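A.B. asks: Chain residues, written in single-letter form:
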Amino acid sequence: MRATPSLLPLALDRVGFRVGGDWLVRDMSFSVAGTGRTLLLGPNGAGKSVTLRLCHGLLSPTEGTVRWAAGQPCPPGPGRHAMVFQKPVLLRRSARENLLHALSLAGLHAQAAGERADMALERFQLAPLAHRPARVLSGGEQQRLAIARAWAVQPQLLFLDEPTSHLDPASTRAIELALDLFRAEGTAVLMTTHDLAQARRLADRVLFLHRGRLLEDRPAAAFFTDPHTREAAAYLRGELLD
Amino acid sequence: MEALGAAVGLILAGDGELLSIVGLSLRVTLMALALACAVGLPLGALLGISRFPGRGAVIVLVNALMGLPPVVAGLLVYLLLSRSGPLGDLGLLFTPTAMVVAQTVLVLPIVTAVTRQVVEDLWAEYGEQLRSLGSGRVRAVPTLLWDARYSLATGVLAGFGRASAEVGAVLIVGGNIAGHTRTMTTSIALETAKGNLALALGLGIILLGLALAINGAAFALSAAARRAAAA
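Respectively, the protein sequence lines represent chains A and B. The numbering used here puts the first sequence at residues 1 to 242. The numbering used here puts the second sequence at residues 1001 to 1231.
None of these hints come from the bench; they were simulated from the model. Check each hint, because a few of them may be wrong.
Said to hold, decoys possible - Partial list, computed: chain B residues near chain A (C-beta under 7 angstroms):
1. Y1126
2. E1128
3. Q1129
4. S1132
5. L1133
6. G1134
7. S1135
8. D1147
Predicted model only: the values in this text are computed from it and were never measured. Even for Gly, the Cβ is constructed at its ideal location relative to N, Cα and C.
Put together the whole structure using the sequences plus the hints.
C.D. replies: Spelled out as structure tokens, the structure:
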């Protein structure tokens, strides 16, 4: 799957998304290349999750374009881009079978899928839970399994939608460590979070959204020390934005 | 009371005529159920996850067909298979095959409607994740059917109940010919009319017992498996 040519950069050009009469995202332009971590920040309703779904292809833009390197729209899928959701959706099967299902969708034959699944279980410290029903795992273990599933199909870009918002600090720490595996393998990450401390720990770059618009697109260090917009400054101070 | 005693006697003696009637009933019903599942499970799943103009009307139609009176189903299959009907040349009327066809027509809407509802609910939960994994809707069908297996078992059992309990359809297309197309329900009707209450009652007891045994086994199996899978 690695043999596929690079999909990046992903480029959004003046993307808008409307539901009914409301624009949830408007005039959004940015691109993602390289292997770093880009964090989407902003208050509730800023359009972070919608933006991820537009990038991932789960939503289609009302206006503007989402393009990958080839200049084509590119559906989600193995070897391309993967997503980890806020609340992991796991099949009613064992942890290992969840991985095998994803790998079979990726087109791997049984033996290769089995080896890859075992490797993923090993990498994410899930081997002892391999044959447990995925639904009885703890919240942290479930999210780790969802990340292992995303890792197993070797995406070039990984989307994460508030992956730790339901988790305790220990589980959050485990997820953040798991993300290092993606960095080590050169997978770019685009993720949302409400946890500013987490954003400071993880971000290489920050996209700050407010009311569906992109207000700042900056290197993380610069954004956190010197936000350019009034809204971002207020957000970083923990003030309520209207 | 006398009839009840005689009924138990017939069952315990393993009466040959009784056994052949029970055997035919089970064969016809299970065959119809298998056919209805082979068509109804994927069809219901596709209906549950697809969106097309007129989908609502199709769902209403399928749901309404769950209440199709067995005699009407029997009549339709009769018209289809009778000598002058479009499939008359096959010579299937008054054979067990005709009974299987009629019962399949009865069971198919139940299996399809239950599957549609169950899979639609599961798709609401799984849809985004499955699409994210690169699964198209058609590819999602086996995944959804397997993950909904415990809920679907109820629909399949309802289908079994409908097929094993009905008398109108098999009577019309089978003709209740002794030793050939006589089932438990048709002979209960016949023996009752003839005043042979012992045989009728014996068959009734077996029919009830079978329904209880099958549902009990399905319940126990599904409860155990469900616990194991925490589904």
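A.B. asks: For each hint given before, does the structure comply? Return the numbers of the non-compliant ones in rising order.
C.D. replies: none
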